[in-house]
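Go ahead and model the full structure; you've got the sequences and the hints to work with.
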Amino acid sequence: MTLPKEIAILSVPFDLGAGRRGATEGPSAIIQAGLEQRLQSLGMASEDAGAIRYTATSEIDQASDNLKNLADVIAVNEALSEQVSRVISSGKFPLVLGGDHSIAIGTIAGVAQHYNNLGVIWIDAHSDLNTPETTGSGNIHGMSLRVSLGEGDARLTGIGGAGAKIKPENVVLIGARSLDPGEKAYIKAGNMTCFTMYDVDRKGMSHIMEEAIRIAGNGTDGVHLSFDIDSVDPGEAPGTGTPVQGGLSYREAHLAMEMLGESGIVTSAEFVEVSPAHDSGNKTANLAMELICSLLGERIL
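Okay, so the sequence shown: first residue is 46 according to our numbering, each after it adds one.
A couple of the hints might just be wrong.
With a straight-line Cα cutoff of 30 Å, these simulated DSS-like cross-link-like pairs (lysine-lysine) come out [what the hints assert, rightly or not]:
1. Lys233 with Lys248
2. Lys50 with Lys212
3. Lys212 with Lys229
4. Lys137 with Lys328
5. Lys137 with Lys50
6. Lys248 with Lys137
7. Lys328 with Lys50
8. Lys212 with Lys233
9. Lys229 with Lys248
These are calculated hints, taken from the structure and not from any lab test.
See the structure below:
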């Protein structure tokens, strides 16, 4: 098992990719839950690499080519892509705290510049595989994985360089339980591996993670983890913008992180969609902090 020793924490206080506001305060809530102190107790050097800054447009854009707030999403993701790439060049592990899941566009674009064949484990209640043609909302956080696969609006797929950043055969979805028709069609066409909550229930989280690690690590030279807190059941993680009943339990989520940490394959990670405005007693921010620590080596014994 190889765990990173130097962590660079990148905050992305951005929520204009989502339909429900509130995730801008997610990064600070996770940090205030004691993240840096816990990482230090694990023997890791962590640095606050700052927050992603960008120039916001003057008005909320609700209708640009069925892509809401497109200019803002592009601006923040271009800045994020550059910063993630700099962190990796410095030899540190990029830990990105969102913000809504549209920021995965920039994270993956930055990470992919350093790997020839990047694997991705995407843990989420949703698949984020929509395009402008299939979306029912126009919210770009529901398109971020498809964009990273090189499909969708060219203004988004061009962030960090034109074309696909990852290949569908190297992607594993886990915890899906709210999929749009276009997303179901894409997955059913055999484009990538998707373990829904039905699979988790039937096969167990341990088996699912063994398979995910095998698939995402097969022939790849790095693996990125993208963890949406709404993958966890809202009873455990109420503070998120798009909660869906029937999600991962507290222990299933921790087991997933513990097994990924033991595998040693994860080379970058992001945790997104924590929304303190919808939380109860900082329960969700605390959980996100704990899950990050499980990924990075914290164990019961």
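The hints, checked one at a time:
1. Lys233 with Lys248: holds (19 Å)
2. Lys50 with Lys212: Holds, because 28 Å separates the two Cα atoms, which is no more than 30 Å.
3. Lys212 with Lys229: Judged against 30 Å, a Cα distance of about 18 Å means the pair holds.
4. Lys137 with Lys328: holds (29 Å)
5. Lys137 with Lys50: Satisfied, since the Cα-Cα distance of roughly 8 Å is no more than 30 Å.
6. Lys248 with Lys137: At roughly 35 Å apart (the allowed maximum being 30 Å), lysine 137 and lysine 248 break the hint.
7. Lys328 with Lys50: holds (27 Å)
8. Lys212 with Lys233: Given pair lysine 212, lysine 233 holds - Cα atoms ~16 Å apart, limit 30 Å.
9. Lys229 with Lys248: holds (21 Å)
Hint 6 from the earlier list is the only one contradicted by this structure; the remaining hints agree with it.
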